[in-house]
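Residue numbers (the UniProt record's numbering), protein chains in the order written: chain D, 1 to 453; chain F, 1 to 305.
A couple of the hints might just be wrong.
Computed cross-link-like contacts, EDC-like style, restricted to lysine to aspartate or glutamate with a CA-CA straight-line distance of at most 16 Å [to be verified]:
#	chain 1	residue 1	chain 2	residue 2
1	D	Lys398	F	Glu194
2	D	Lys315	F	Asp123
3	F	Lys210	D	Asp131
4	F	Lys228	F	Asp245
5	F	Lys211	D	Asp131
6	D	Lys315	F	Glu125
7	F	Lys195	F	Glu51
8	D	Lys444	D	Glu203
9	D	Lys56	F	Glu194
Which stretches of chain D does chain F cover? Using the computed rule of at least three CB atoms under 8 Å from a CB of chain F, they are [said to hold, decoys possible]:
#	stretch
10	13-25
11	237-251
Calculated directly from the structure, the hints in this document are not laboratory data. We treat Cβ as the ideally placed atom computed from N, Cα and C, and that holds for glycine.
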Amino acid sequence: MNTIKSPEESRKVLDTIFSDLTRSITHKDELTRFWFFILIMFAGVGLWGWIIQIDKGLGVTGMRDYVSWGMYIANFVFFVAISLIGFLISSALHLLKISWSKPISRVAEQIAIAGVALAGIIIVMDMGRPDRFLNVFLHGRFASPIIWDVTVVTTYLTISALLFFLPLIPDLALLRDRMTGKVPTWKLKIYTILALGWKGNPEQYKTVYHAMRILMILIIPVGLSIHTVTSWLFAATLRSGWDTTIMGPYFVAGAFVAGAAAVVILMYIYRLRYGLKNYFEDFHFDYMGKLLVFVSLVYLYFNINEFLVPGYKMKTAEGVHLQNLFTGAFASMFWLVQVAGLIIPILLMLIKFFRKPLPLTIISVVVLIAAWFKRYLIVIPTMEHPFLPVQNVPDYFKSYAPTSIEIMITLFSVFAALLIITVLAKLFPVITIWEYAEEKGVDKKYFSKQPKN
Amino acid sequence: MERNTRRNFIRKLGATVGAAGVVGGTSILSSCNSVETSSGDKIKLLTSSGELVEVDKSQLTPAEMPNLSENQTRGREGLPGRSWVMVIDLSKCRNARECMKACQNHHQLRPEQHHINVLQMQDAEHTAPYYMPKPCQHCDNPPCTKVCPVNATFKRNDGIVLIDNERCIGCRFCIAACPYSARVFNWFEPRDAEKYKGVTYNIEANVPQKKGTISKCLFSADRLRDGKLPSCVSACPNGVYWFGDRNEDAVTNGTTKETVSFSKLIKDNAAYTLMEELGTKPRVYYLPPKDRAFPFEGELIEHHS
């Protein structure tokens, strides 16, 4: 990487990188405003839906006594899933010294932060009494998997935010020094405050490296447990379809599939929108495609274990559940998810052409949508088939269909997540400038405009 | 010693409640202290059988009523020395559903909300169908209380699994965990929410019901405290239910009022519990539907739609 360059050349390279990577911040046009308008409008509509739900009760949803968890929980699992990619890309790959993933790590962290934040919010929206949310802390008992989940989600959010923030500090100093006049003063103020008086001493860099390494190691158990614990919400119950020991690894593998797809989509959007062709290069997409194939294969393997083995035995209650998935009411969704969302993408991505940016992004969109429906299939069919017959209740108790309020709130969560990502992209560079410049051979001493030492 | 005095205190409280025969709001009762004779003012009160009555203020005597927190504390402890069990004789049930009605009245439930539900059952393809009343099983190893994040549902000393709807956050994890589908949720404002507004919450009957919280069968714990049988047991016209104390080894039939040995009853009739393979250890025992007192009528509904 390090090809020593003359001071002039170094400065020039840094200037180019800086102006390229801050384009997302300085770029202002009608499209951006329109995008913000759309995001805020949809998020607002969703919040309005929530107000109706609080006022009238959870009965405005399609859930009833038998199917008592619905789309919200599927949504929650989905958001937890995509957030797990932050752990894979910015920690696991780094620790394995796989350097191509470096420019992508901030994209992954953006998704992680947005995902885990929305997971936390959606679970509050699913509560019958959100006004008693504090009870979770006042009367929390560690025997309940929900408390494990609350603990892990908050820890993961904290570590992800730190992993996003720490490598950002030198960038913030760069922005503070170089953006005068280019951005409004409130933004400059934010940069100045957040830069924490960064000077760029070797000791400071050492501290950042050290802290990042600790966080990267810390996030491994936390990252693994966040989705394992989420799977235990289901696996800890006695219901057929959930009562399986494979749930933990099954969820983690599925999370990597969804998260990798989300990262590819976001990379493509940044590349297109901010002209970052030279930063999110074709080989990045190629590698991401290979990574996606790998995690998809692992996930496929778990799917075979999850469905083929009980499908072979067809035990009474399990059989009813599986019949419903294979040939019953959920058959079309189930087979679409498995074939179009998993098997076909794997086969396509084995071919080099489909790992090029545009084809890979299209595949990723399909995979991501399928991942959402997969979560739906995990939550709802099991609840529709309890052990004892569903009798003496109105017909609409027997099956579940989401209502418009639920769709509004689900849309809210999607758009709120996009809003978080957009705000992060509008405030901070989407690739770590100093790391990237260093990779291109620019010495650290050129980073600050007036080196103090 | 400290325990003893507390028990005494609780017993006294219980006696006062029984004598007054009313479960009312603290606000109402505190106003009773300053009542003059024959004021002509009428006051609405909720009787222990779950009915609203209007009484002249002058007829009320001040009673020492447990306030909400005392109510919750004693509700969590349960009746000392007791270990409640229920035996359901499937050969006697003819789907009269009087138990369901009585229960829904006592616990202020909507018609589709069942603390107890009478199910049509068929164990295998060619076996004889039968009716099976299904209350909460009050498991000794309850899956529902394990998963509750805030300890809103709990098992007390006398074996009853209760729910505190003043604490419940409405996450519905207990519904997901219960293999017997014994729990219901207040999806909307409960039945009669207006009528019972301001009435102190009675944890042992789970009334008034509250929007956004769980409700469930409680073996009519409030009636047990008064020395009465649960609503469903008393309401059954066919002698289906036996209810009693495992420690005393005695169960009483709600219809015939006959009291027999619990262990002999379940032994002689080869009683079983529901889904014992799950390890939940239910406290509700079933006597097999042998020598049926009535024919199974109507068409059998498919078990799994």
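Holds or violated: are the alpha carbons of lysine 211 of chain F and aspartate 131 of chain D at most 16 Å from each other?
-> holds (12 Å)
Verify the proposed pairing of lysine 210 of chain F with aspartate 131 of chain D, using a straight-line Cα cut of 16 Å.
-> Since the Cα atoms of lysine 210 of chain F and aspartate 131 of chain D sit roughly 13 Å apart, the hinted pair holds (cutoff 16 Å).
Holds or violated: lysine 315 of chain D to glutamate 125 of chain F, with C-alpha atoms at most 16 Å apart | holds (15 Å)
Holds or violated: lysine 56 of chain D with glutamate 194 of chain F, Cα cutoff 16 Å?
-> Holds. Lysine 56 of chain D to glutamate 194 of chain F sits at ~14 Å (cutoff 16 Å).
Is the straight-line distance between the alpha-carbon of lysine 315 of chain D and that of aspartate 123 of chain F 16 Å or less?
-> Roughly 14 Å separates the two Cα atoms, so the pair holds.
Per-stretch coverage check for the stretch 237-251 of chain D, three Cβ contacts closer than 8 Å to chain F | holds (count 3)
Are lysine 444 of chain D and glutamate 203 of chain D close enough, with their CA atoms no more than 16 Å apart?
-> Holds: lysine 444 of chain D and glutamate 203 of chain D sit about 12 Å apart, inside 16 Å.
Take a quick look at whether lysine 195 of chain F and glutamate 51 of chain F sit within 16 Å of each other, Cα to Cα.
-> holds (11 Å)
Within a Cα-Cα threshold of 16 Å, do lysine 228 of chain F and aspartate 245 of chain F meet the stated pairing?
-> Holds - the C-alpha atoms of aspartate 245 of chain F and lysine 228 of chain F are around 13 Å apart, at most 16 Å.
Has the given pair, lysine 398 of chain D with glutamate 194 of chain F, been kept, meaning a C-alpha gap of at most 16 Å?
-> violated (29 Å)
Count the residues of the stretch 13-25 of chain D whose CB lies closer than 8 Å to any CB of chain F, then report whether that count reaches three.
-> violated (count 0)
In this structure, the hints that do not hold are numbers 1, 10, in rising order.
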